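Q: As you go down the protein sequences, you meet chains A, B and C in turn. Offset between the first sequence (1-based) and our numbering: plus 190. Offset between the second sequence (1-based) and our numbering: plus 156. Offset between the third sequence (1-based) and our numbering: plus 25.
Everything labelled a hint here was simulated from the structure, so no lab data went into it. Some hints could be false.
[Claimed, not checked] In silico lysine to aspartate or glutamate, EDC-like type, Cα no more than 20 Å apart, as pairs:
1. K260/B <-> E83/C
2. K123/C <-> D262/A
3. K123/C <-> E298/B
4. K217/B <-> E298/B
5. K220/B <-> E301/B
6. K158/B <-> D262/A
7. K133/C <-> D273/A
8. K123/C <-> E266/A
[To be verified] Covered, in the sense of this in silico footprint (three residues per stretch, anywhere, with C-beta under 8 Å from a C-beta of chain A), are these stretches of chain C:
9. 40-47
10. 62-76
Since this is a predicted model, take the numbers as computed values, not measurements. Positions of the beta carbon are idealized from the N, C-alpha and C atoms, including for glycine.
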Amino acid sequence: MELTLSILLGFMIIGALFAIHAKDLLSAVIAAGIVGYSLVICFLLLKAPDLAIVQIVVETITLIIMVAVVLDSTREELKVKVDRQQIINISLALIFIVLLAFFFVQATGKLNPFGEHTLRMANAYVGETASKTGSTNLVTGVLFDFRGYDTLGEATILFTAAIGVLSILRIKGRK
Amino acid sequence: MKGMSLIVKKVAQLIAGLIFLYGIYIMVHGHLTPGGGFAGGALIAGSYILAILAYGSDTIKLKKEETGTSLTESISIFIALMLAVAGFFIGTKVFFNNYLPSGKIGELISAGVIPLYNIFIGIEVAAALITIFLALIIYKEEIEE
Amino acid sequence: MIVYILCFILFLVGLYGLITRRNLIKIVISLSIMEFSIFILLVLIGYIDGGIAPIIPENVTNPTYVDPLPQAMVLTAIVIGLATTAMLMAIAIRLYRKYRTFDIRDIKNLKG
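So here's chain A without its partners, still in its complex pose (with noise of 0.2 Å):
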């Protein structure tokens, strides 16, 4: 089990290096995509189906929209020089992983070894969804019900990108 999920968390980080590197941006958005479905197979695998059916139609429409982008635009990638910005850049973005990192080992001292969750938690949800809401499954009985200003929240999240989109992309005004 563990060793499965590391070799698609490793396809998955060579996906990421290559669609960061890559001098094609339609094979750079494409690579993007590899990472994306893997990820639906490591959900499959951490018996999660509801992230599954989602994650894989949404990276889908993902990949469309980005893929109609890059194909009306450009889809060749800058040329990099290496100037004094770039070497600063990369000077930052290592020095800000050395110190991700060195929070990252103090975090994961604490976290249960992978597989032992202990649940104190989700004991509440786990034991009173099915009496309380009659909802067999339990990540809608969380979602909609113990839950519900998330999801509130979520809807009018993608309400207000629809309307920025709309607004942005508009050039003639409606009569």
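Since the structure of chain A is already known, use the hints to place chains B and C on it.
A: Positioned in the frame of chain A, the structure of chains B and C alone reads:
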């Protein structure tokens, strides 16, 4: 925008309806099986996007379609909000109260208001995604004119 | 423990791309890679060995479920990620029409 070749059109004609039905199934059974409003809505949007990409359409029709989808989106999120507000007036008077009877566990009509939330959030997600996609296509068409 | 470390390396790859790249499309891709790493980390923390998916089965008494709470949170986050990506793409294509480039250093009129 132009449509694609005959083979793509025929395959899209066969598959788009099935995807649409599968989206409705996922949405309605959200409280029983994996899935729910988000997944179902995204699937329905996917079937529309497939049909538009395969068949193509002219800008005026797309603009009418866009007016419809943004209206649907606004109305369905308003209904979902009103379902939540209705909890203030029924039963224990809490926002997001589950005020309908929960019924027998495992049946299609059960779990109180959760199926209703699933359906309206699903319609909202589908309409929002189609609106974003149509906005991109119409922008491309207007640039080319 | 190795899976957590690999997740974190994925996050760092996204962060590296975000800081060093100058192309708007590459920046959006790096942001979505960072999002993916956070999703997988949250779901990994909620996993239990021998647990079943959080859907109540018919004939099994007292099964062990994986934690449904991180899954619900990640479900919300995936759709928000789609919304932000679409919005960033709209901004990127609009900027390309005005400046004819994706280079963020050439887009200077935004400076105050």
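Q: Does each hint fit the structure? Answer for all of them.
A: Here is what the structure says about each hint:
no. : hint              : verdict
1   : K260/B <-> E83/C  : holds (13 Å)
2   : K123/C <-> D262/A : holds (14 Å)
3   : K123/C <-> E298/B : holds (15 Å)
4   : K217/B <-> E298/B : holds (13 Å)
5   : K220/B <-> E301/B : holds (18 Å)
6   : K158/B <-> D262/A : holds (15 Å)
7   : K133/C <-> D273/A : holds (19 Å)
8   : K123/C <-> E266/A : holds (18 Å)
9   : 40-47             : holds (count 7)
10  : 62-76             : holds (count 10)
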